[in-house]
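Turn these sequences into a full structure, and let the hints steer you where they fit.
Protein chains in written order, with our numbering: chain A, 1 to 587; chain B, 1 to 343.
If you're looking for bench data, these hints aren't it; they were derived computationally from the structure. These numbers come from a predicted model, not from an experiment. Any given hint could be a false lead.
Stated by the list, open to error - Computed cross-link-like contacts, DSS-like style, restricted to lysine-lysine with a CA-CA straight-line distance of at most 27 angstroms:
1) 153(B) <-> 348(A)
2) 348(A) <-> 146(A)
3) 201(B) <-> 320(B)
4) 315(B) <-> 164(B)
5) 155(A) <-> 153(B)
6) 201(B) <-> 146(A)
7) 146(A) <-> 200(B)
8) 68(B) <-> 268(B)
9) 164(B) <-> 353(A)
10) 157(B) <-> 312(B)
11) 265(B) <-> 60(B)
12) 353(A) <-> 170(B)
13) 164(B) <-> 146(A)
14) 315(B) <-> 200(B)
15) 153(B) <-> 146(A)
16) 153(B) <-> 362(A)
17) 68(B) <-> 32(B)
18) 40(B) <-> 68(B)
19) 146(A) <-> 168(B)
20) 146(A) <-> 362(A)
21) 93(B) <-> 70(B)
22) 168(B) <-> 155(A)
23) 146(A) <-> 170(B)
24) 353(A) <-> 168(B)
25) 387(A) <-> 70(B)
26) 348(A) <-> 307(B)
27) 93(B) <-> 387(A)
28) 68(B) <-> 93(B)
29) 164(B) <-> 337(B)
30) 157(B) <-> 353(A)
31) 307(B) <-> 60(B)
32) 60(B) <-> 348(A)
33) 153(B) <-> 200(B)
34) 170(B) <-> 348(A)
35) 153(B) <-> 353(A)
36) 32(B) <-> 265(B)
37) 146(A) <-> 157(B)
38) 155(A) <-> 170(B)
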Amino acid sequence: MTATNAAALPATGSLERPTRRLAAPLWVGALLIVLTFLVIYPLAMLVFGALSDSNPVVDGFGAFHPSIARFLEVLGNENVHLAFFNALVACGGGTALAVLIGLFFSWIVVRTDTPGRRFIAGASMVPLFVPPLVAGVAWSILGSPKTGLLNIVLKWIGVDFRFDFYSMSGLILVFGIYYAPYVYMFTSSALRNMDPSLEEASEVAGASAFTTLFTVTFPLIAPAILAGTLLSFVVMLGIYGVPAALGAPANINVLTTYIFKLTAWSPPLYNTAAAVAILLMVVTAIMVWAQQKVLSGKSFATVAGKAFRPRSLGLGPWRWFTFGLALVYLFVVVVLPTIALVIAAFRKFLFFKNFDALFDAKAYSLAHFNAVFDNPLTMLSIWNTLKVGVITALVGGALAFAIGYTVNRTHVPGRKLIDLLATVPVAIPGLVVGVAYLWAWIGLPGGLYGTIWILALAFVARFMPDTVKALSTSFLQIHKELEEAAWICGRGLLGTIGTIVLPLARPGVVASMTLLFVLAIRELGSSLFLYTSDTTVMAVLLLDYYEGGNTGKTAAFSLVQTVILAVLLGLTNWLSRGSAQGSARVG
Amino acid sequence: MKRRTMITGAAGLAATSFAGLPAWADDTFGSKELIDAAEKEGGLTYYTANFAETEQEVIKAFNKRFPKIKVAMVRAPGGQLITRIKTEAAAGKLAADVINHSDRGLMLELADLFQDYTPPNAADYRPDALVSPKLWPGVTLGWAIAYNTQLVKTAPKTWMDLLKPEYKDKQIGQVVGPSGGTTWTRIMFERQVLGEDYWKKQAALGIALYPSGAPTSDALVRGEVSIAPLLYNIIYTKIVEGAPAETVFAPEGVPIIPYADGIPKTSKSPNAAKLFMNWRLSREGQTFQIEKLGNITSMKEPPAFPKGWDPKTVKVWVPKFDEFEKLRAAWLEDWNKTYGYRQ
Chain A
1 MTATNAAALP ATGSLERPTR RLAAPLWVGA LLIVLTFLVI YPLAMLVFGA LSDSNPVVDG
61 FGAFHPSIAR FLEVLGNENV HLAFFNALVA CGGGTALAVL IGLFFSWIVV RTDTPGRRFI
121 AGASMVPLFV PPLVAGVAWS ILGSPKTGLL NIVLKWIGVD FRFDFYSMSG LILVFGIYYA
181 PYVYMFTSSA LRNMDPSLEE ASEVAGASAF TTLFTVTFPL IAPAILAGTL LSFVVMLGIY
241 GVPAALGAPA NINVLTTYIF KLTAWSPPLY NTAAAVAILL MVVTAIMVWA QQKVLSGKSF
301 ATVAGKAFRP RSLGLGPWRW FTFGLALVYL FVVVVLPTIA LVIAAFRKFL FFKNFDALFD
361 AKAYSLAHFN AVFDNPLTML SIWNTLKVGV ITALVGGALA FAIGYTVNRT HVPGRKLIDL
421 LATVPVAIPG LVVGVAYLWA WIGLPGGLYG TIWILALAFV ARFMPDTVKA LSTSFLQIHK
481 ELEEAAWICG RGLLGTIGTI VLPLARPGVV ASMTLLFVLA IRELGSSLFL YTSDTTVMAV
541 LLLDYYEGGN TGKTAAFSLV QTVILAVLLG LTNWLSRGSA QGSARVG
Chain B
1 MKRRTMITGA AGLAATSFAG LPAWADDTFG SKELIDAAEK EGGLTYYTAN FAETEQEVIK
61 AFNKRFPKIK VAMVRAPGGQ LITRIKTEAA AGKLAADVIN HSDRGLMLEL ADLFQDYTPP
121 NAADYRPDAL VSPKLWPGVT LGWAIAYNTQ LVKTAPKTWM DLLKPEYKDK QIGQVVGPSG
181 GTTWTRIMFE RQVLGEDYWK KQAALGIALY PSGAPTSDAL VRGEVSIAPL LYNIIYTKIV
241 EGAPAETVFA PEGVPIIPYA DGIPKTSKSP NAAKLFMNWR LSREGQTFQI EKLGNITSMK
301 EPPAFPKGWD PKTVKVWVPK FDEFEKLRAA WLEDWNKTYG YRQ
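Structure (structure tokens):
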């Protein structure tokens with residue numbers, strides 16, 4: 001793929017050979033074929049489902065009697081209206097909070113002399129590893145109005161106030177703190193790659209640090225902020241676990257919980273679920289269009305050929321204030337839910353008569369961990385999950401690089417279509433994606449169904465928008481002049497990509513592959529239809545525990561999952577740092 | 001406590017060691033030829049809509065009797081499992097050798113997929129638990145009233161007790177009516193046996209609603225609700241492990257849900273599949289499920305009873321299958337309105 005990539009890409013200059021003239025359309029065609037297989041074909045199955053009441057595999061295309069009635073029925077259903085409204089409020093509020101937290105953290109970590117920045121940077125990414133279902137369960141243990149640990153503590157210290165996370169504000173808060181890392185990832189790398197001379201110019205002109213922040217810094221990283229905002233909003237729209245655990249007890253439905261209901265009923269209403277999913281996709285398409293409209297015609301190149309040193313703002317004594325705020329955030333988002341999960345994992349039952357019952361040593365044991373490891377599926381699912389994660393990260397990372405480069409660094413015709421197709425899957429909830437892939441791929445010759453590969457390909461397709469957007473930010477920041485310099489020096493396209501683009505975009509590539517790995521390991525919805533007895537994955541087993549009403553085992557297994565992820569990510573980080581140093585030495 | 005320990009140490013239960021207890025001769029499970037052929041096949045794939053952990057125990061118990069037959073399991077929630085079965089079958093890739101599902105109606109629609117099969121003890125089963133000669137109730141579940149022993153001062157003893165004003169203000173938790181065939185069975189029982197206005201009176205107390213049985217049982221143990229009608233097997237294992245909960249089987253009747261299990265025509269290990277079905281439907285298999293897992297049985301003469309079940313006073317209630325299908329949509333709509341549930 002890389003060789004084709006290199007041979008095919010941009011035909012500039014007047015001395016092109018005919019093969020090179022042909023290469024661009026061939027390259028675009030190849031990408032479109034891949035996207036057709038991964039996105040259009042399953043999507044067509046989804047539209048097929050939404051417009052009929054048949055299963056395309058079972059009933060065949062002959063039974064396809066398209067009708068707009070289902071759409072109208074969905075649009076006219078007042079429960080859908082309410083779920084839609086709730087989803088917009090919960091995700092809108094959550095996104096606003098996530099942007100606030102994410103931006104603040106990236107500024108603290110990249111641009112200030114706040115103590116312990118590396119630690120803060122590492123720890124603030126923790127929520128990203130936590131499956132939404134686990135986050136929801138952890139916060140229901142903490143914030144249930146009747147039995148929440150926080151309320152037990154409040155009662156013990158004699159405070160009358162009670163938390164109620166089974167509410168819209170609870171949903172917004174949990175969404176906000178858990179999806180802040182998305183915004184952080186985008187904005188911190190943008191801030192890190194930004195030439196500080198523009199800010200210095202602003203300050204020389206007499207602007208205060210605060211004014212500079214809002215008139216120079218943030219506007220310059222606007223693409224990253226917008227990308228982070230858009231992504232966190234649409235990802236929240238597709239999350240099931242958090243609203244299932246926190247919204248359901250208060251009868252707050254969002255679109256995903258409504259879709260889950262449709263698929264879980266007996267008989268399941270997949271066709272209606274597909275229609276609701278199409279509605280979600282339309283909303284996302286509008287948002288993507290709006291983002292492109294806002295960004296079009298503006299240059300956000302902040303990485304130029306000149307060398308610069310990252311600039312750090314001396315906060316003086318205020319650095320302890322920012323440090324304190326960071327600690328409070330980390331306490332809320334990492335320590336509290338972890339305490340809740342640890343208590344749930346080690347405690348036989350989560351019934352607390354009073355505060356003292358928390359410290360009853362007899363109530364704690366390793367029973368849930370023993371049960372989890374006693375289950376033969378546990379080790380199988382861990383091994384399968386790792387395989388799927390690695391395949392997804394490698395295949396998805398390479399594909400996202402190819403798409404990101406084509407869309408952002410070339411002017412080949414068809415690149416906008418590629419961008420659009422690569423963005424579409426973000427809007428489709430996992431469960432519906434799962435059934436679309438099942439419908440689409442089960443009949444294909446070659447035995448894809450029943451293998452690890454079908455899961456990996458579904459994840460590659462499902463998370464393509466996340467990876468492509470994460471990479472695009474890196475591409476947007478690399479000034480064209482660097483590539484032009486390489487071409488002038490006689491480098492071919494492959495050489496330019498290999499020596500200029502890839503090394504400069506490397507943090508973005510590594511970050512997006514890591515993100516893909518994490519997302520693949522957490523992914524539940526699309527796994528449910530595609531796994532078989534030999535290819536079961538951790539997320540499926542986690543849902544089994546949750547559905548079995550085993551909060552203890554769910555917590556124990558999610559701690560196991562978190563530890564595995566942390567070890568692997570630490571290892572990846574260490575390896576990539578080692579190789580970076582190695583290549584720096586060689587260079 | 002390890003699950004293994006829990007299973008062997010369950011208080012008050014007859015200790016049944018299959019390896020050392022030839023209580024039922026091997027031909028109960030099938031002829032020698034069948035067993036030899038099954039062992040030659042060496043394994044089977046089992047699709048189930050039941051809880052994975054529960055079915056793992058069934059497989060372990062089966063393997064104590066037949067250690068040479070490996071059972072691989074695929075578990076998915078009911079509706080999703082049906083979609084998978086239909087799609088795999090249509091694509092000619094149905095991997096299942098045995099399918100275990102709670103919704104008899106949905107399984108009946110798929111009856112053509114299944115081969116003819118009759119267990120050796122077919123005559124022991126209640127005719128009203130069967131919907132097709134190809135499908136058999138390998139699993140039968142039943143509804144009990146569960147309560148948190150730390151929170152409830154006067155425990156309910158009957159279904160009618162769940163209308164008492166002392167349990168008002170979300171002390172009672174319930175699984176929503178449309179969640180599936182098991183809950184539909186219970187609410188059908190409530191309306192047909194306990195009275196047309198039972199739902200209305202109960203809804204007036206203010207009921208906490210949950211999407212399925214598992215979170216309801218979890219909420220009961222945590223103390224979010226004090227009382228909940230629950231499938232006995234969901235709460236039973238928790239009680240054995242020491243959860244602060246108890247159950248009663250109400251004298252008005254125990255609504256039961258016979259599953260519909262069968263062997264697809266496309267089974268690649270038909271002998272192993274038959275042996276697995278035979279064992280699960282045998283007295284030994286049913287006894288194991290009643291005593292260790294909290295199931296009920298669809299056998300005319302139950303080989304065992306769950307703890308607290310007095311056969312003199314407690315009777316099972318099986319829904320009439322034609323009404324089960326016919327009344328469903330309209331009654332569920334009524335239920336949703338009565339309980340204020342937005343479907």
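Discussion item. So, against the hints stated earlier in the document, which numbers end up violated here?
Written reply: none
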